[in-house]
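Enquirer: Below, each chain spelled out in residue letters.
There are 2 protein chains.
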Amino acid sequence: MSALRIIPIGGMGNVTQNMYIYEYEDEMMIFDCGIGFPTSAMPGVDVMIPDITYLKEQLERGRQIVGMVLTHGHDDHIGALPYILPELPEFSIYASPLTAGFAQNRMADGGVEREITVFKDGEKFKIGQYFEVEGFPMTHSVPDTRHFAVSTPEGVIYHGSDFKIDLQPVDHVLPDFDTISRIGKEGVLCMLMDCLRVEREGWSKSESAVYGALEESMIDVKGKYIVTLMSSHIHRIQQVVNIAAKFDRKVVFIGRSVEQNVEVARQLNKLFIPAEMVVNKRDIQNYKDSELCIVIAGSQGQEGSSLVRAIYGEHPVLQIKKQDRVVFSSDAIPGNELPYFDAIDELCRNGVRVLYPDVVPDLHQSGHGGAMEQQMMVALVKPKYLFPMGGQDRHREKFFELVGQKMGYQENQVVIPAHGDIVEFEGGIPRLGEHLNLQPRLVDGLGVGDVGRSVLSDRRALGTEGMIVLVIPKVAGRLDLENINVVSRGFVFMKEAQEVVDFIKQTTHEIVDEVRKNAKGDDSDEEVRRAIERRLGRRLYKIIRREPMILPVIMEV
Amino acid sequence: MSALRIIPIGGMGNVTQNMYIYEYEDEMMIFDCGIGFPTSAMPGVDVMIPDITYLKEQLERGRQIVGMVLTHGHDDHIGALPYILPELPEFSIYASPLTAGFAQNRMADGGVEREITVFKDGEKFKIGQYFEVEGFPMTHSVPDTRHFAVSTPEGVIYHGSDFKIDLQPVDHVLPDFDTISRIGKEGVLCMLMDCLRVEREGWSKSESAVYGALEESMIDVKGKYIVTLMSSHIHRIQQVVNIAAKFDRKVVFIGRSVEQNVEVARQLNKLFIPAEMVVNKRDIQNYKDSELCIVIAGSQGQEGSSLVRAIYGEHPVLQIKKQDRVVFSSDAIPGNELPYFDAIDELCRNGVRVLYPDVVPDLHQSGHGGAMEQQMMVALVKPKYLFPMGGQDRHREKFFELVGQKMGYQENQVVIPAHGDIVEFEGGIPRLGEHLNLQPRLVDGLGVGDVGRSVLSDRRALGTEGMIVLVIPKVAGRLDLENINVVSRGFVFMKEAQEVVDFIKQTTHEIVDEVRKNAKGDDSDEEVRRAIERRLGRRLYKIIRREPMILPVIMEV
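For the protein sequence lines, the chains are A and B, in the order given.
Numbering-wise, my numbering puts 238 at position 238 of the first sequence, and it's gapless, one number per residue.
Numbering-wise, my numbering puts 233 at position 233 of the second sequence, and it's gapless, one number per residue.
Be aware that one or more of the hints could be misleading.
One copy or two, either will do: identical chains are not told apart, so a pair holds if it fits within one copy or between any two.
[What the hints assert, rightly or not] No more than 30 Å apart at the CA atoms, straight line, and that leaves these computed lysine-lysine pairs for BS3-like:
hint, residue 1, residue 2
1, 246, 322
2, 542, 474
3, 406, 246
4, 406, 321
5, 126, 382
6, 205, 246
7, 322, 406
8, 205, 384
9, 222, 406
10, 505, 222
11, 246, 321
12, 56, 281
The set of hints was computed from the structure by calculation and includes no laboratory data.
All chains should be modelled from the sequences, with the hints used to inform the complete structure.
Expert: Following this line, the structure appears as C-alpha cells:
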C-alpha cells in the first residue's frame, strides 16, 4: 500500500529554514524554501539552508518534483530559493501576489530567474496527479499570507503555516473563515500549524493596535521622525504612512530591503502612498527635519544596517540629531537583545529620544497567534491529527499540553516528529517513517556547504583562545630548535609578552628533546608535531589557564 | 573650596561591575567591588573588573582609602574583591551578615583573606574623618541587602543600590521605612538609585508571589522534582524548601555555587532547613525519585553548569528521567536567551516536562523595582538631586522621563554622567568634573589585563573567518617561492580544498613578483609580508567573499 509522506527537510524544532515535502508514490510537492539564521556556535556563517540530500536521492530514483507552493513572503520561507532552485530541475512554483513579488526579488538578488504562478484564492489547483491544493487568506505580519488545504489520496492535510487571527487587519482582509470552516466540515486528516507563540495564553493583539502607539509617538516631534521595523511588514509601513499624512510629513525609505519591499508592494497595490508624499532619500536635505518621516531598515540593531550606520554617524544621507525621535516598532528577536539594545543605548547617549516596546508595549505586536488562536483554528478545522510546526521543541511539546490536550486530543493524535523524522500516513493513521540525518548547509560568503563541523569548531577555538604558530626549520634532516619562529594572534599581546614567547620556545625545545629521548627512532615530524600540540597546550594551560590553538609547522629546507 | 566627588569607576551605563568612590579632600571611601560579564565582542573573556587606575593614581598622590562598604551579596557588587583587594593597601570593609559571608567565600575562592566588619543596622559609623555611614534593610533578590545614608561635608547622599520594595518579603524584613523617611526628613542632597527596571510601569510583584506557582509545579510529579534558580537567591530556596516539606520531599543541593551559598546562609540563620530534610547529593541513589526535591545551579543554561551536564547525561550523580519535572525559577538574562532555551528544548526533546516563566509567569519575579517603586523612594527620600544608577544608558535616560519628571524634578536635578564622568558637589550644586578614560580590565584564565583591544579584535577576526598561515623560506637571502607552506584553520576544510591551496600559492607567487617589479630595491621582507596580507586577502575575497586572517611568515634559513 502507498503512504503519504510529510518530510520537513528544514527540520522540526527549527523556527526558520522552513521546507516541507509532501510525497505520494513518485511525486513530491514542496511547501516553502526558507533560510535559517546561524547560532553563536556557527561564527562567520551568513545563513543556513535546508538539506536537500533527500530530494536529490529521490530524484535519482526517478521520483519527480511536481511543484512548489510558497505560503508567505518571509525569508525563513522563501529566502533559500536562490540557493536551492539552481540545484534542482525546473518545476512550477505557486504563490500569492505579494509572496511572488518578494520571492522574485530574492531570486533576482541571487541571479536566479524562474516564473511564479499566482494562484486564485479558493480555487483548487492540481499539482501532479495526487495533490490538489487550495489556498485562502490568513492573517500574519506580511500581507498576502495564505493557508492551504491539500487533498491527497490519504485525505486532506491543512497546511497552516505562520499566522495569527487578526480580526482587524490593516487591509481588512480577514482570515477566510468561510473556506476554513467548509474545509473543516468536509473533513481534515491532519492540520500542520504554527505553534510558535503557544507559550502566550490568550489572543495576540491586532496589528491595528499599533496605530495608536505609533500615532502618539509622532506627537511633538520637533525634528525628524525616524521609525524602524521589519522591512517586510507592509501593514506596519502602511500605518506609519497614514499617520505621517496626518502630521503633514513626507515619507522617506532608507535601506535596501525596505526600499525593495516598498516598491514591490506599491506596484502590487498592497501599499498605498500618494506619490507626492514620497521623498527620495537623496533629496532629504531639501526638506526641513520637521517635514520628514523616515522609515529605515535595521530594527534588530544589525551591524551594517542603515539605522546603525546612521546612529554612529556613518550614513551617507541620514544624520540623527538631538531633536529627532527614533521609534523601534519591533521587539528584539530572542537571542539578539545585545545589538538591539546597544543601538538604543547609543541613541540615548547621544541625547536622542527613543521609544521602543519595552516602554511603549503597543509599538509592536507579534504576527503569531497565542494559544487561544491556535485553539480557535483547531475548533474550526477539527482535524483528526494535529502536527505543530514553526516552533522550537519546547513550543511543540507545550502545544500538546496547552492546545491539543485542552481541545480533547489524545497524545497519539498530536504528531511531534523529531528533527529529521519522516511522518507517514497510511490508511489514515500516522506513523514515524525513516529518519533523515539532516545537515543544514551553511552559507559563508560565496561558499555553500564547504564550512562544516571541523571548520566551525576551529573557528570557535580560534575565536575564544587565539592561536600560536610555531615554525621549526628542518635543515639537512635535523630540526633547528635554535631558530623556532613564534607567531601568535588573539592569545596575548605579543609585543609585551617576550616572556611568553621565550617560554614557548624553551618548552618546545624540551618537548622535542623528550620525544627524541623516548621515541627510539620514531621521532618522525608527525610525532613531533603532535607532541608539541598536546604538551605545549597543557603546559601553557598550567601557567595561564588558556588553551590557544597550537599549530607547529615543520619547514623542511 | 573642597568638593565631594562621586566616581563610578565601574562606569555608568553598565548594569554590572559596580564600584563607586566617594572622595572628599584626601579621603576615599568605596561602595562595592563587582565583576561585569563580557559581551559577544569579548570572546574568551571570563569576567571584567573595574578599572582602578584612578584609585592608584590618587594613592600615589597621598590620598587614602578609608574604607569600603558592600551593599549586597551579588557578584556584580562583590565578585571583583579577590582581583582588586590584593592590588590595594588594606582598609576596613563593612557589610551586612550574609553579604559578608558571600564576600568571604568569593575572596577565599581567589585565595584572598580579609576581615569584614558587620555593621549594625541603623547605627552610624565613621569612615575616615569626612564620611558617616548608616545602613538599613532594603528588599532585593538576596537577603541582607542594605541601603545607606552617607553624611558628607556637602550633605547627605542616599546610596540606593539594587532594590525592589517588597511588601511581603519571605523573611518578613520589610524595607526600613521609618529610617528612610527620617533620613528624608533630615534632608538628602542626592539619591543614587537603582533604575534598571524603570521601563516597567507599576510595582514589581513580591517574591512571595512565586510561592503559589512553585507549589503548583510540585503537584503530581511522579519522579524527581528539579528546580534551578540563581544560586544567591536564598529566599527562593527557602520557599522551595518549605514547599518540599509539604510534599514530603528531601532537598538536595547540586552545584558549587548553590552548595556554597546554602551553607553560608544556613550558618547565618538566613535559611532554615530541618537537618533531616537535607540529603547529600552523593546519597541520592538511596532515595526514591518521588522523595527528592533537587535544587541545582545552571538556571541560565550555562555550559558546564550542573544542570546542563545533567541534561546531557554527563552529571556524575544526577540523571534526569522522563518522569522527573524540571522547573526554571528564573528568566533568561537579556542576551542569554539561546543557551537558556537550548537547555529547555533539549529537555523537551527528551520527553521531560519542563516549566518556565514563559508558560508560568509567576515562577520568577524580578528583584528590581519598577517605575512606581522608584517613584515611591523619591517620595520618601525627597532628595534635591536624583542620580540613577545600576541601569544601562537607556534606563538612565528613561528614568528622567518616567520617574524624575513625573515627580516634579527639572532636567538639571537629575544627574546622568556619561561613562567615565566624575560628579562633583560643591556648595550643594552638582557639576561634571574630570572625565576618566575607563578601560575595564578583562580576566581571561589567570591573566588580568593582558587581553586588550588588539587581542580581542584578532579573536573576533579569527573566530568568524579563520586564518591562513603562509610560511615562505628564505634561503641565502632569496625567497623560495616554490616551497611555500600553507596552513589554515577555520577557513575551508583544507583536505578537500587543494584548489584553494593552489590558488593561494599561485597568488602569493604573483604578489611577490609584483612587489619585486615595483619595489625598485625596496622589496624588504616587511614590504613583502604586508603586500601578501593585503593583496592575497583582497583576491581571496573576490573569489569566495571571505576574509580570513592572513599571516605570512618569512623563515630565514
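Enquirer: When Cα atoms must be at most 30 Å apart, do residue 222 and residue 406 count as within-copy, between-copy, both, or neither?
Expert: Between copies, since 21 Å is at most 30 Å while 52 Å is not.
Enquirer: My question is about residue 246 and residue 322: at a cut-off of 30 Å on alpha-carbon distance, are they close within one copy, between copies, both, or neither?
Expert: For residue 246 and residue 322, the Cα distance is within 30 Å only inside one copy (23 Å; across copies 58 Å).
Enquirer: Within, between, both or neither: how does the pair residue 56, residue 281 come out at a Cα-Cα threshold of 30 Å?
Expert: neither (45 Å within a copy, 52 Å between copies)
Enquirer: Taking 30 Å as the upper bound on the Cα-Cα distance, should residue 205 and residue 246 be classified as within, between, both, or neither?
Expert: Classified as within; 24 Å inside a copy, 40 Å across copies.
Enquirer: How do residue 406 and residue 321 come out at 30 Å by Cα distance, when the copy is not named: within, between, both, or neither?
Expert: Classified as between: cross-chain Cα gap 25 Å, same-chain 53 Å, threshold 30 Å.
Enquirer: Is it within, between, both, or neither for residue 205 and residue 384, if the alpha carbons may be no more than 30 Å apart?
Expert: So residue 205 and residue 384 pass the 30 Å test inside one copy only (29 Å; across, 42 Å).
Enquirer: With identical chains treated as interchangeable, where does the CA-CA distance between residue 322 and residue 406 reach 30 Å or less: within a copy, between copies, both, or neither?
Expert: between (52 Å within a copy, 22 Å between copies)
Enquirer: For the identical chains here, do residue 406 and residue 246 meet the 30 Å Cα criterion within one copy, between copies, both, or neither?
Expert: Close across copies (29 Å), not inside one copy (46 Å); limit 30 Å.
Enquirer: If the cut is 30 Å between Cα atoms, do residue 505 and residue 222 qualify within a copy, between copies, both or neither?
Expert: neither (65 Å within a copy, 59 Å between copies)
Enquirer: When no copy is specified for residue 246 and residue 321, does a C-alpha distance of 30 Å or less occur within a copy, between copies, both, or neither?
Expert: within (23 Å within a copy, 60 Å between copies)
Enquirer: With 30 Å as the alpha-carbon cut-off, assign the pair residue 542 and residue 474 to within, between, both or neither.
Expert: For residue 542 and residue 474, only the intra-copy Cα distance (29 Å) is at most 30 Å; the inter-copy one is 35 Å.
Enquirer: Between the shortest in-copy and the shortest cross-copy C-alpha distance, which are at most 30 Å for residue 126 and residue 382: within, between, both, or neither?
Expert: This pair counts as within: shortest intra-copy Cα distance 24 Å, inter-copy 74 Å.
Hints 10, 12 from the list above are not met by this structure, while the remaining hints are.
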